[in-house]
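Fit chains G, S and P to the given chain X structure using the hints.
Chain by chain, the residues:
Protein chains: 4
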Amino acid sequence: MKIRVGILGATGAVGQKFISLLEGHPWFEITAVAASARSAGRAYGEVVNWIEKGPIPEAIARLEVQEARSDHPNLACDFVFSGLDASVAGDVEEAFARAGYAVISNAKNFRMHPDVPLLIPEVNPEHLALIERQDWGSSGYIVTNPNCASVGLTMTLKPLHDAFGIKQVHVTTMQALSGAGYPGVASLDALGNVVPHIGGEEDKLETEPQRLLGGLEVPADFETSAQCNRVPVVDGHTACVSVSFVRPPSSLDAVKKAIRAFRPPLEVNGLPTSPDRALELLGPENAPQPRTHVDLGKGMTVSIGRLRPCPLLDVKFVCLVHNTIRGAAGGAILNAELLAQKGKILRKNSEL
Amino acid sequence: MKIRVGILGATGAVGQKFISLLEGHPWFEITAVAASARSAGRAYGEVVNWIEKGPIPEAIARLEVQEARSDHPNLACDFVFSGLDASVAGDVEEAFARAGYAVISNAKNFRMHPDVPLLIPEVNPEHLALIERQDWGSSGYIVTNPNCASVGLTMTLKPLHDAFGIKQVHVTTMQALSGAGYPGVASLDALGNVVPHIGGEEDKLETEPQRLLGGLEVPADFETSAQCNRVPVVDGHTACVSVSFVRPPSSLDAVKKAIRAFRPPLEVNGLPTSPDRALELLGPENAPQPRTHVDLGKGMTVSIGRLRPCPLLDVKFVCLVHNTIRGAAGGAILNAELLAQKGKILRKNSEL
Amino acid sequence: MKIRVGILGATGAVGQKFISLLEGHPWFEITAVAASARSAGRAYGEVVNWIEKGPIPEAIARLEVQEARSDHPNLACDFVFSGLDASVAGDVEEAFARAGYAVISNAKNFRMHPDVPLLIPEVNPEHLALIERQDWGSSGYIVTNPNCASVGLTMTLKPLHDAFGIKQVHVTTMQALSGAGYPGVASLDALGNVVPHIGGEEDKLETEPQRLLGGLEVPADFETSAQCNRVPVVDGHTACVSVSFVRPPSSLDAVKKAIRAFRPPLEVNGLPTSPDRALELLGPENAPQPRTHVDLGKGMTVSIGRLRPCPLLDVKFVCLVHNTIRGAAGGAILNAELLAQKGKILRKNSEL
Amino acid sequence: MKIRVGILGATGAVGQKFISLLEGHPWFEITAVAASARSAGRAYGEVVNWIEKGPIPEAIARLEVQEARSDHPNLACDFVFSGLDASVAGDVEEAFARAGYAVISNAKNFRMHPDVPLLIPEVNPEHLALIERQDWGSSGYIVTNPNCASVGLTMTLKPLHDAFGIKQVHVTTMQALSGAGYPGVASLDALGNVVPHIGGEEDKLETEPQRLLGGLEVPADFETSAQCNRVPVVDGHTACVSVSFVRPPSSLDAVKKAIRAFRPPLEVNGLPTSPDRALELLGPENAPQPRTHVDLGKGMTVSIGRLRPCPLLDVKFVCLVHNTIRGAAGGAILNAELLAQKGKILRKNSEL
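Protein chains in written order, with my numbering: chain X, 1 to 352; chain G, 1 to 352; chain S, 1 to 352; chain P, 1 to 352.
Looking at chain X on its own, in the form it has when it is part of the complex (with noise of 0.2 Å):
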C-alpha cells in the first residue's frame, strides 16, 4: 500500500517532472493532479502539453485533472506535491497546510519563511524540526527545497563550510533553459546567445546558501556576489564559483578530500532517491559538461571538477547541478522520502 501523492501544478514543467520521476517509485503513487481551472475536469492525457521524454505514464494521463484551489483544498491523496507558479502558490500551498496536508513545495513563495524548512537532505535534515513551528490550525506543514542554482552550490560548499568555514564566495552562472519552464526562454534569444540576466535569481544565490548552511535561526555567515546568466543548454546549471574560508586550509589536497570524504547523514543514504554519491570530484580538466555529467546518478549527483587555487579568494572551482532533477523535482522528491522516514508522511487509513 504505498502513500497516496498529489500533484499541484501538475501540467507545468515542474509538475511533468514530478510524474516522470515518481514513475515506479517504491513508496510513492500519483492518486491526483490538480492545475489551473482551465484544465481542470478532463484527462490529463488530454489536457496536458507532454513535454517530458517517453510517454506519459498511461495512470497519471486518465486521471481527471482538479482544480488547485486555494478556496477549496481538497485532492484525494495522503501528501501533495507543488511545482505550482509562484503568482498562485502562496495562497494554495498555505490553504492546503491550512487542510491538513504535509505540501512538499518545489516554489520560492515559502523558502525564507522563518518556520518553514527550507531542505537539502544530505545538508541540512536538522531543519525539518522548525515544522514542528507551523501552525496552520491543522497537521498540515510547508516543506521546501531550495531555488535549482542554489542547491549545487550549496551541496558543494557543505563540505567546505564543514571543514573551513565558508567566508566569502563569488558565483558566475550559466544556466539551462529548463530552468525557465515551458514555453519559457524565446528561441530567438536562446539559440547561439547568451542572456546575461535571469530575474530574481542573483538574490537567491546570494541569500539561499546561507540559510541551508546555517542554525535554525540563524543563517550561516558569508557573503556572496552571484551573476547569472542563461545559457543554450537544454538541462544543468554550471556555476564558476571562487571561495575564501575562514579557516583556509593547509593545501589543495585538503579541500579535495574534504569534499570526497563527504558523506550524507545515515538515514538520507537509503532514500529511494539518494544518488550513491551525492557529491562527485571529476579529475579531467575540462568536467564537468552539462552533456556528459548532468545525468550523473540519476540527475542528482552534484559534480565538481577543475579544483585550483584563486588568486583572490582561496579556491576556485566549477560544479553543476541537475536544474529540473536535483535542483527541483527531484530534490522535492527526496524531502518527501526523508519525512516519510521520519513518519511524517503516511498513508492516511480514510478511504480515498
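Keep in mind that the hints were calculated from the coordinates and are not lab data.
Predicted model, so just to flag it, every value in this text is computed and none were measured.
The reader is advised that the hints may include incorrect statements.
Pairs involving identical chains hold if they fit within one copy or between any two copies, as the list cannot separate such chains.
Computed list of lysine-lysine pairs in PhoX-like fashion (alpha-carbon distance at most 25 Å, straight line) [unchecked claim]: (1) K342 x K298; (2) K53 x K256; (3) K204 x K167; (4) K298 x K53; (5) K342 x K2; (6) K53 x K204; (7) K348 x K256; (8) K344 x K2; (9) K256 x K167.
Chains G, S and P alone, transformed into the frame defined by chain X:
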C-alpha cells in the same frame, strides 16, 4: 596608391577575417597571401576552405599563395599581418621582422616580450615607443594585439583604472566558438553544452590586462582571477566581471560617468576602423547579448551592461567583445592604421 | 520629399524588420507606427521589445504609437506596410484600403483573394493589373507578398517554369525560428531538435507558387507535395526540391543555363531593394547554407545549389531564402518600390 | 559463462557506443579492445577520449588496447564487433574473418558484397543464409548492418512493402551530428546551420533499402530519390518520406493498420536488445521529434508520425531513428544476438 599588405596564415580563420575586413580598405591593399607549404603555388580561391560570409573577394581569390617561410621571409608587400598559429608564428614573425617588415601580429608568441608593444590603440598607444627598442638588424619590428577575451576586459577596465585605480578583478568568461578557429571545437562538444576550460586562456586574462594598463616597463599592479568557459555562441565573448578599486568611487553613477566619458586619444579617433564609440554602456537589464550587440560599431565597439554594486568587491558588470573582429583581425588592423598614421608603415618605392 | 510610410503591427517581429530595413531608404520615410491598444499612446522606443540587431533608429523610437484600428483607419502617412498578425490583419487591412491607403501586406489573409496581387516583382509584376479590379470605395488597394518559404521556392521555379514548364514539385523545407515571430518557438522545442510540423505551412507551399507562376485568373498547372520542418536556425529557410518538367531539358547544363540566364524585368532592376542577382547558383557541393549564404544580396538573393538529376522526377536541388528579408519585410518593400515607380504610390500633397 | 567479445575500433565514437551498450549485457562480455597502433599497449581508460555519458565501465578502462592489425588478426575473444572507420575496415575485417572470427560490422565496406548479409533482424533475418556462401578459408564470416539513415527508412518501409509493394520513395533526411563521429562536424558548421550535403549518404539511402527488402540475390524493385542534410541535433536522424505503392491501399487507415500490425519474426522478439515495439506510430501532429522520441525503446524503436496522403505519390510521413543506437552499435548488437541465438556465435572452449 595604397599601402601593400601581405597576410601570413591567410587560409586560416584569422587570415580569412583579415581578408574580409580589408576589402575596400581606404589605405591598405592586399598584394600577397602566405600559408603553409601545402597550399603554396596555387590560387588562394582554390586552396582556401572559405568560412566567412559572402564570397571571397575576387582579386584575392586569384592571388597565388606563397609559402610562409622563416628561412625565406619575402613577400611582395609593404608590411604583413600575421594570423599564424602560435606553433609557427614565433619563427616566421621574427624572420619577417629581421627581413625588414613591420609585422602586425595576432599571435600570442611575442605578446609578453618586453620590447614588443601589446597594443590596443584606445588603451595604450604610448606603448608603441617600445618599437624603438627592438633590434632585428633591420627596420622591421613586431606589434601584437591581445588575446580576444583580454581585449574586451581591458577596454572596459581602462576608464575605471584611470579614474579609480583597479585593485582586484574577478572575471568569468563565456567565449564563442569562433575563438577556437576552424575546425576548432567539435560540434558534439559545443551543441547544448558548456565546456568549462580553454587551454591557456585564464593565464592570458590574468596577465595581459596588467601589461596593457601599465607603463612601458612595469605592468599595472592589480590581481585577477579568471575562469574561462566555451559556450555555443558563434561570435562574441561575454564576461561577467567584478572589480575593486584603489580609490573607490562615491557612487555607481560615478562609475557610469567614467565609462561614458571615455574618449580614445585623438590620434585614434579618425582611423578608418575606429568605431564611433569604443565603449557603449547599455541600459536594459538583459544587455549586452551576443545576438544583438556583438556587431555594434561593426564589431569594434565593446558593450557593457548590468553595472551594479558587488557584495564582495566594488562593482560588477557584463561586457561583450566581438572576438574575431575587435578581439583579433579588426584589432590588428586598427593597430596598423595607427602605425600608418604615425608614419611607421609606409608604401615603399621599390616595385613589387 | 520622401513618401511617408505607416507601419501596421510595428512592434512585432515583422514590424521591427520593416523599421530596420527602411532606415535610410532613399524613397520612403516612416512617419507613423501602429500597434495594439496596449502600446498605443506611448513612444515606440518605450513599448517595443526590440529584437533586431543594433539600436532602434532614434527618429522611430520617439514616434508615438497609434492604435491599429479597423474602425478608425487613420495614420499620418501616404501608404502602409502591414506586419499584422493574421488574426487581426483581415479587418484592419481592409479598413485601411477602404480609407484610401495602399496596403502593402505581409499577412496571409488576402493572398488568395482573386483581386489582390500576390506579388514577387521578379516573378509576376503583371499581376499588379489586379489592383484595378479592387473596389474598396476609395483609391485604396491591397498588395501581398507570399509566405516566406513560398518565396524561395517560387523564385527558383520561375526560370525553370519559363523554360521547361513545371509539372510536379516535391519540396521538404527546413525553416528558421524567426519565421515563427517572437516569442515564437519555445527554446526547449528548438534547441538540438527538429519539429516536423508548421501549422498551415504546407498548404501555402502547395498553392501559392501556382498562383505566382500563373496568369491573372488561372494558376499554373502543376502539383506540389510539401513537407515543412522547423530547425534550430535563426534566419534562412532551406528547401530540398525535386521537380519534373512538361518539356524536360536535354541536360543538366540546360537547367543551369536557365537559372543563370534569369534576369528580372527591367522595371525591377533599378529598384533600391533589388539585389544585383535575384538568383545565385552556387558551385560547392555543400552550398547553400544559412550561415554563409543567407545574407547574399543583403538578404534579397535566393541561393541555389546541389543541382543534380533526380531518380524519380527530373532534377533536384537545394534553395535558400532569407525568410524575414526576401521572405517578408524586404519582399514587401520591394513590392512598394515597384508600385512607387509605377506611380501607384505617391507622396500626397495634404499636410500630415 | 558469457560469450567473449572483442571491439575493433574501440576508441572511436561507434566503439565507445558498443562499450556503453554492452555494459551488463546478459550474453556478451567484452574481453578485448583493439584500436590503431597509436593507442596499442596502454590501458583503454588512458587512451580513449571518452564522449559517452557516464563514466567508462571500470573493467573496460583497465583493458590493454591491442592493435587492430590485418596482418595479425588475433584477439582474446569469441567474436568481434567492428566500429572501424571505412578506410581500414575492409582489410582488417577480412583478416579477422579469415582468422575464423565472426565479424559483426558497422562499417560500409562489405554491405553490398553479394555473400555478406546486410541485416536488420526485424526486416530480413533470412539473409543470414548468405553466411554459408562466404568462404574465408575458415569458420569466420562477416555480417553488416546498414547505414544509420537507411535503418530508419527501411524499417518503416518494411510493413508497407509487405502489404502494398513499394514502388517509389522520395526521402529527405535531417541527420544528427553524432552520425559524423568525433570530432566530426566542426561546431562553426553546425551551430544554427543546415549543411545540405553528407558525402556518400544519398547513394546508400538509394540502394541499401532495396537490398534489405529484397531476396538473397535480387534487391527489391523500387526507385528512391534521397536528399541528405546535416542539422544541429545531437542524436536522431529524422526523415520526411513520400512513398508510392504497387498495390495502393484503399485508405490511409489501411496504411496505419499495416504499420501497427507489424511484428518482428518470433526469433527476434526475445533478444535482449530487441525493443517492445520495433515501430511506433505516433499520433500528435508534431511527432516524432529527436528531443522527445529518439530514446524510445532505449533507442531501438523507430518512431513514425504525420502519416497523410501525398499529392504526388501515395502517402507521406516522418520517421525518426536513433542513429548511433538502432542505426549503428545497437543494431549490430541485435545482429549478434540473433546469430548467438541461432548458434552461429558460440563461446569457444579454448582458454583466452
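*Please flag the earlier hints that this structure goes against, numbers listed from lowest up.*
Failing hints, ascending: 6, 7.
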